[in-house]
Amino acid sequence: MIFKWFDERLELRKFKDKFLSKTFPTHPTFLLGEIALFSFITLVITGIFLGFLYEPSVKMVSLFGAMVPAAYASVVKTDLLPMGMIIRRIHHWSAMIMIASILVHLMRVYFTASYRKPRELNWLVGLGLWCISMGAAFTGYLLPYSKFSTTATSIAYYIAKSVPWIGDWISRLVFAGDFPSAGTVPRFFFMHVMLIPMLLVGLIGLHMLILVKQKHTEPNSNKKKKEAEGGRRLIGIPIWPEQTIISLSFYLFLLFIIVLVATYIPLNPIENYGPPSPGTPVMRPDWYFLVVYGFLKLIPGDLSFSILGGNITPETIGGVLFPAFTILVFALIPFLDKGKGKGLQNYTENPLHRPFMTSFGIGGGVFLCMLVVAGYMDVLHLTARTMSIYIILASTAAWSISYTLLRLYNKKRMGEDNDEA
Amino acid sequence: MVDKNLGDKGDKRGITRRRFTLGVIIASIVGAFGSLLSLLKILAPAKEGGGYVSTIKPGDQLIYAQGANMGADIKVSALNAGESVLVYPAGKTSNPANIVQLIKLDEGAYKAPTDIKLTDQGLIAYSAICTHLGCTVSWVEKKKSPDTSYTECFCHNSIFDPTRGAKVLAGPAPIPLAQIGIKVKDNGTLVFTSDFKGPIGPQV
Numbered sequence: 001m002i003f004k005w006f007d008e009r010l011e012l013r014k015f016k017d018k019f020l021s022k023t024f025p026t027h028p029t030f031l032l033g034e035i036a037l038f039s040f041i042t043l044v045i046t047g048i049f050l051g052f053l054y055e056p057s058v059k060m061v062s063l064f065g066a067m068v069p070a071a072y073a074s075v076v077k078t079d080l081l082p083m084g085m086i087i088r089r090i091h092h093w094s095a096m097i098m099i100a101s102i103l104v105h106l107m108r109v110y111f112t113a114s115y116r117k118p119r120e121l122n123w124l125v126g127l128g129l130w131c132i133s134m135g136a137a138f139t140g141y142l143l144p145y146s147k148f149s150t151t152a153t154s155i156a157y158y159i160a161k162s163v164p165w166i167g168d169w170i171s172r173l174v175f176a177g178d179f180p181s182a183g184t185v186p187r188f189f190f191m192h193v194m195l196i197p198m199l200l201v202g203l204i205g206l207h208m209l210i211l212v213k214q215k216h217t218e219p220n221s222n223k224k225k226k227e228a229e230g231g232r233r234l235i236g237i238p239i240w241p242e243q244t245i246i247s248l249s250f251y252l253f254l255l256f257i258i259v260l261v262a263t264y265i266p267l268n269p270i271e272n273y274g275p276p277s278p279g280t281p282v283m284r285p286d287w288y289f290l291v292v293y294g295f296l297k298l299i300p301g302d303l304s305f306s307i308l309g310g311n312i313t314p315e316t317i318g319g320v321l322f323p324a325f326t327i328l329v330f331a332l333i334p335f336l337d338k339g340k341g342k343g344l345q346n347y348t349e350n351p352l353h354r355p356f357m358t359s360f361g362i363g364g365g366v367f368l369c370m371l372v373v374a375g376y377m378d379v380l381h382l383t384a385r386t387m388s389i390y391i392i393l394a395s396t397a398a399w400s401i402s403y404t405l406l407r408l409y410n411k412k413r414m415g416e417d418n419d420e421a
Numbered sequence: 001m002v003d004k005n006l007g008d009k010g011d012k013r014g015i016t017r018r019r020f021t022l023g024v025i026i027a028s029i030v031g032a033f034g035s036l037l038s039l040l041k042i043l044a045p046a047k048e049g050g051g052y053v054s055t056i057k058p059g060d061q062l063i064y065a066q067g068a069n070m071g072a073d074i075k076v077s078a079l080n081a082g083e084s085v086l087v088y089p090a091g092k093t094s095n096p097a098n099i100v101q102l103i104k105l106d107e108g109a110y111k112a113p114t115d116i117k118l119t120d121q122g123l124i125a126y127s128a129i130c131t132h133l134g135c136t137v138s139w140v141e142k143k144k145s146p147d148t149s150y151t152e153c154f155c156h157n158s159i160f161d162p163t164r165g166a167k168v169l170a171g172p173a174p175i176p177l178a179q180i181g182i183k184v185k186d187n188g189t190l191v192f193t194s195d196f197k198g199p200i201g202p203q204v
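Residue numbers (this note's numbering), protein chains in the order written: chain R, 1 to 421; chain V, 1 to 204.
If you are wondering where the hints come from, they were derived from the structure by calculation, not from laboratory data. Backbone N, C-alpha and C fix where the C-beta goes; we use that ideal spot for every residue, glycine too. Treat the hints loosely; a few may be bogus.
[Stated by the list, open to error] Footprint (simulated), chain V over chain R, 3 or more residues, beta carbon under 8 Å: (1) 161-169; (2) 174-187; (3) 275-282; (4) 289-300; (5) 310-318; (6) 378-387.
Work out the full structure: start from the sequences and follow the hints.
Below you can see the structure in the form of structure tokens.
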């Protein structure tokens, strides 16, 4: 009845035939992007709740007899509400899971070469989504205005300031003046709840639109099956009803995991950090910033020089040039590795069959993981020099060993193929 | 693209008109959005002083910056050798550039390039703002003889040697913490006697 009413007005049946029958591959690694999307939905819902209670101001107010910034007081009050703290933790955990799943999604696309023509564009959009998600996380750091918030933001402020030539202006643009300034919290609040979510929604829409237009890459295993059938039809299941049911139950399961983790593992205990104070305790950023954090620790302090009037300091190298270079390498991948021929490449590749790219990915991955370890240098009692040697050794070893093994494997495989022929 | 869409390919005037219109549209889009770029300048507030500028003057009283005694005058008797506290100049606690680390060691412990004239009864004071990225440094106490305590910034683990002019022993800090003169008054409290003897705050 209801369906008919809407169908007569909106031609739902046409829509269903055209879009809801889009084919989804059934391989489980194709669900990674959905984890990110679902985490984003959770973030929006919990974010709306938190937005009702948050006060973006650093004016000093009285809280249980102590004078603290209004932003800090409002978050402490949120934590004291029934379910308040758990919603805040769910928000934080979802953010971490969103960034993690985008990263793993990116890795899946990388190792299976799904970024090749015609999907270069969507690779770039996805990369953009990852960067903007980290921007969202970073602006969210400051909002509770605890000791942790101001320390982390102050570090980022000086990193922004270390950008050659325009650093002074960039830092004042992003932080609304010289941090700590009363304007920073309102500006970050606007970016965190408005600007960045809008960008994310827009880019997610674009990502999905391109995906629907270009369709998924198909798992390599489908190739033979399809060639045997001789058909062009994609193998998989349609959005409605199969994929929707899978996705929905998957989302509920993910939500269950997030709530479980949020219930038992405390995160960002701002009452423990307290409001901003003169001292700085031991604190580390969330995991996705640990790479840059570790790199900043490693760089020797006397590595400054200037070119054309721009000052390159260790912070420029560790906090600006190194992340920018890493993102650039990611962005260039589809344009450097085009695969065989100029045609459209709609099948995933077996990572075991591409020794160079796979070993490069493993080596690079180990390099970044070792930088995270460098973030814990003080706990491990290692000096910067020893740590640097470990990093170089570990990543070169990972790269060369995986390359050699894969080459041997492929030689053997080619040999067997020839024997069969 | 443009040529393909043209119905009459021979009509040269048509192409010109089309190209012209297209050019005008592109120019106005670029112009419209380009003019918005000037807003970016407005959105970045003007520089206010910029960076860490200390307002400590000789004669300012040293007070506790945090803890149970926050705001109270520091007495020379309160500190044992090997201990340290964070201090502010009295009445100037709102400027983050004024935070200072006061350390007490044995009087004979100080070596060059420490300015020994600026110390008094084994007490020495340095800027407490890490020269790397601006976190506040902490005192790591090692109850050993000889005393091997040091100053460390817990943000990126820069380590400074308080006995040698806060020389950087490890970590990413580019320059030492700046020393500042102090002296014990007759009533046992402390005052500053000089400005910082070097740049303070992050060197970016």
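Violated constraints from the hint list, given by number and in increasing order = none
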